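A.B. asks: Sequence:
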Amino acid sequence: MSTNKIFDEYLKLLLKWNQKINLTSLTDPKEIRVKHFEDCLSLVPFVKNAKRVIDLGSGAGLPGLVLKIVCPQLDVVLVEATGKKVSFLTTAIATLGLQGINAVQGRAESPEVQKSIGTADIILSRATWSVADFLPIASSYLAEGGVIIAMKGPLAEKEIKEAQKTVIQHQLILKKEHFYTLSSGEKRKLLFWKMMT
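Residue 1 is where the sequence shown starts when you use this note's numbering, and the numbers rise one by one after that.
By construction, these hints were calculated from the structure, which means they are not laboratory data. One or more of the hints may lead you astray.
[To be verified] No farther apart than 30 Å at their CA atoms in a straight line, the calculated lysine-lysine pairs in the DSS-like style are these:
(1) Lys175 - Lys187
(2) Lys161 - Lys35
(3) Lys30 - Lys84
(4) Lys51 - Lys194
(5) Lys5 - Lys189
(6) Lys189 - Lys48
(7) Lys35 - Lys20
(8) Lys84 - Lys35
(9) Lys175 - Lys48
(10) Lys20 - Lys51
(11) Lys175 - Lys115
(12) Lys48 - Lys176
(13) Lys51 - Lys35
(14) Lys12 - Lys187
(15) Lys48 - Lys115
[What the hints assert, rightly or not] Quick list of simulated restraints, FRET-style, between CB atoms:
(16) Glu109 - Ser2: 37 to 47 Å
(17) Gln164 - Thr3: 37 to 47 Å
(18) Pro154 - Asp28: 34 to 44 Å
(19) Thr95 - Asp75: 14 to 24 Å
(20) Leu41 - Ser130: 18 to 28 Å
Since the structure is predicted, the reported quantities are computational estimates derived from the model, not experimental observations. No residue lacks a Cβ here, since even glycine has one placed at the ideal position from N, Cα and C.
Work out the full structure, taking the sequences as your base and the hints as a guide.
C.D. replies: So, in C-alpha cells, the structure goes:
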C-alpha cells in the first residue's frame with residue numbers, strides 16, 4: 001500500500017470509529033488531514049533518524065501512528081490509558097499492515113507501565129498535558145542523549161514559565177523552539193528538551 005493509500009485507510013477508520021468513541025472533535029476529512037495529519041508530519045525532520053519513539057497519551061495515534069506511516073523504520077510505542085482508544089489503535093495497526101509499532105494500555109505516569117515499556121530516544125506528546133505535568137512523566141522514559149518533544153499551540157510561553165521549577169528538578173534544558181504554520185494558517189510550536197550534561 002502506498003503512503004497516500006495508508007493515510008486514506010487511516011482516515012476512514014478514524015471517521016468510522018469516531019462515531020462510536022470520542023477520538024477527535026473534528027469530523028470533516030479535510031480538517032483532519034490538515035489539523036491532525038499535516039500537524040503531526042511537522043515532526044518528521046526531527047524524528048526520522050531516531051531508533052525508538054514513545055508517544056504518550058496517543059489517543060487516536062496522533063502523532064505516533066502518523067510518524068510510523070511515513071517513517072516505517074521507527075520502532076514506535078503508543079501509550080494510551082483509555083481501553084476503547086487502545087482497541088482503535090490496535091485495529092488501525094493491523095488494518096494498515098504496520099510492523100514495529102505497539103499500542104499499550106496504561107497510564108503513562110504508572111511505574112509499572114514505565115518499567116514494561118523501557119526508554120526511547122524520542123519521547124513525545126501532542127497537547128495531552130501541560131508542560132509542567134508532561135516533563136516529569138516524559139523524563140522517566142528518556143534514554144541517555146534522548147529528546148523530549150511537546151507539540152503545542154503558539155501560546156505555550158505561559159506553560160514554559162510555569163514549568164521552570166519542574167525543568168530544574170528533572171535536570172532538563174529547553175534546547176529549541178520550532179514555530180510552523182499549517183496550510184490552514186494556524187500557528188503551532190514544537191518544544192524540545194534534553195537532559196543537562
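A.B. asks: Could you check the structure against the hints above and give me the numbers of any it violates, in ascending order?
C.D. replies: Numbers 10 and 18, in rising order.
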